[in-house]
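Next come the chains, spelled out residue by residue.
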Amino acid sequence: MLVRHVVREALVAGVAELEGYADDEIGEIEAAIADCGGLDSYELDSKQAEWIIAHVEHVLDLAVPLPKPSDLHREQFATLQAPLDLIVEMAEDRSEDVELH
Amino acid sequence: MSSFIDGTDIGDAWVKAYEHLLERPARAAVNLAVSISRPLEEDMGVRAALEQTLANWNATLTRRWLRAHSVHTVANTIFPISLYRPERPGAAARFFDRAARVSELHEGNRTEWGTYIGRLVSYGQSGEERVNQLEQFLRVLGKGNDWKDAYEAPLTYAGEIAGMAAVTGDMLVIGPGDRRLRGGPCLSHISLSLVDGALHLTAQYRRHHYLARAYGNFLGLARLLHFLAQEGGCQVGGMLVIGTHAEIEEGPSREQLHELLTTATSERGGPRPIELSARPLGASWNDLELPEPRTHAASLR
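From first to last, the protein sequence lines are chains A and B.
The first sequence begins at 0 in numbering that gives the first Met the number 0 and counts up one residue at a time.
The second sequence begins at 0 in numbering that gives the first Met the number 0 and counts up one residue at a time.
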């Protein structure tokens, strides 16, 4: 079963990698998230969301593919909180499939 | 018969081309050439009028109207600015990597042919060696900016997409070994010329839709031109977009189409710089979506 904090960590690391920040600069991403009011205020463009969700799927080595933003409603990927909730919800609904390898 | 539209910024060019098409029989033209002399500027009043109208039509039109997306979403298919952050080291290489990865997500599905940016940074069909056409452009540009006409990028493949459902039934593409009906891609070729230190772009659409696509296409091409000029160390020149078959799509009534022209013209607010790269970390992107439809009767006429 996926743990929420593991998914959160992977999402934030995904933002850092997408934006060209090194591992030791993740604090700058966390600061930006805090500055704008948290994960549910940190907005994503659809292309950013596509890359970050695919990145999380890859680094967590999920057994089933995550949906693409083109398969989702805007509100399901509009902020960092949205894909976090979606992935964790998928894990709870399909705990036998969506898990860390 | 061909037509030439001489526009300054993106909004000005779109309004003039749209007005020209409105006056044409069947609201269509062959070989419509639209020049944009200052492609890094647009008119937000025109863009807002167009997007509000598209949102209204999405909510109310049911026959022969394909749901439209925002100008930003259309522009993203050519150059997704959110993946380009030039203030960080290695911006071009990172953009190529991110754009190629995102584009892969749109390949392999029978209903998806990929994206334009995907074909620019990873050109080639399944099983073939992929070519990054933009990286090749930058390599040539880096040789001292003395090559004037060495930059050509195809966006189509010969004989591609067997069995893909045609979006519209009257598009027949006849290329080498190709006799199949198909939908996208409509942007078939990009050509760049470097003259007196300025990079100029010409794009050819085999079919160009002026309601749902053209403004976003102009914007995406302008962002692409800026990227190549910025990373290639040259100035941004002009842009020419040719629709070998340009048209205003079916769906809205004649009255609605003319009302859009009236609104877009009256809302013109003058040119302003276009966005060229990712917004600051934590910035909002929501303003780039289509607005909520205005549902009261007067605004939906």
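No wet-lab data here; the hints were simulated from the structure.
This structure is a prediction, so every number in the text was calculated from the model and none was measured.
Hints may be right or wrong, so weigh each one.
So the derived list for chain A, only partly shown, Cβ under 10 Å to chain B, looks like this [what the hints assert, rightly or not]: (1) Arg3; (2) Ala33; (3) Cys35; (4) Gly36; (5) Gln47; (6) Pro68; (7) Leu71; (8) Gln75.
Pairs of lysine to aspartate or glutamate, DMTMM-like flavour, derived with a Cα cap of 25 Å [what the hints assert, rightly or not]: (9) A/Lys67 <-> A/Asp84; (10) B/Lys142 <-> B/Glu103; (11) A/Lys67 <-> B/Glu103; (12) B/Lys142 <-> B/Glu230; (13) B/Lys15 <-> B/Glu266; (14) B/Lys147 <-> B/Glu134; (15) A/Lys67 <-> B/Glu288; (16) B/Lys15 <-> B/Glu246; (17) B/Lys147 <-> B/Glu86; (18) A/Lys67 <-> A/Asp39; (19) A/Lys67 <-> B/Glu291; (20) A/Lys67 <-> A/Asp92; (21) B/Lys142 <-> B/Asp195; (22) A/Lys67 <-> B/Glu266; (23) A/Lys67 <-> B/Asp286.
Backbone N, C-alpha and C fix where the C-beta goes; we use that ideal spot for every residue, glycine too.
Open item on the list: Checking one constraint from the list: CA of B/Lys142 to CA of B/Asp195, max 25 Å. Satisfied?
Closed with: Holds, at about 15 Å.
Open item on the list: Hint validation: A/Ala33 versus chain B, beta carbon distance must be below 10 Å. Holds or violated?
Closed with: At about 9 Å, which falls below the 10 Å cut-off, the nearest Cβ of chain B leaves the hint on A/Ala33 intact, so it holds.
Open item on the list: So if I understand the rule, the pair passes when the alpha-carbon distance is 25 Å or less; does A/Lys67 with B/Glu103 pass?
Closed with: holds, 11 Å
Task: Pairwise hint evaluation, B/Glu86 against B/Lys147, where the allowed Cα distance is 25 Å at most - done: violated, 29 Å
Task: 25 Å Cα cutoff - pair A/Lys67, B/Glu288 - done: holds, 18 Å
Open item on the list: Using the nearest Cβ pair, does A/Cys35 come within less than 10 Å of chain B?
Closed with: At about 4 Å, which falls below the 10 Å cut-off, the nearest Cβ of chain B leaves the hint on A/Cys35 intact, so it holds.
Open item on the list: Run the distance test for A/Lys67 versus B/Glu266: straight-line Cα separation, threshold 25 Å.
Closed with: Since the Cα atoms of A/Lys67 and B/Glu266 sit roughly 36 Å apart, the hinted pair is violated (cutoff 25 Å).
Open item on the list: So, as I understand it, the hint says A/Leu71 touches chain B; can you test that by seeing if any CB pair is closer than 10 Å?
Closed with: Violated: closest Cβ of chain B sits about 12 Å from A/Leu71, beyond 10 Å.
Task: Proposed proximity, B/Glu291 with A/Lys67 (alpha carbon, max 25 Å) - done: Given pair A/Lys67, B/Glu291 holds - Cα atoms ~23 Å apart, limit 25 Å.
- [ ] Have a go at the A/Arg3 hint: is there a Cβ in chain B nearer than 10 Å to its own Cβ?
- [x] Not OK, violated: A/Arg3 not within 10 Å of chain B, min 21 Å.
Task: Status of the A/Gly36 interface restraint (C-beta, 10 Å, chain B) - done: holds, 9 Å
TODO: For the pair we were handed, A/Lys67 and A/Asp84, check the Cα-Cα distance against 25 Å.
DONE: Measuring from Cα to Cα gives roughly 15 Å; hence the hint holds.
Hint check: violations occur at hints 1, 7, 8, 10, 17, 22; the rest are consistent with the structure.
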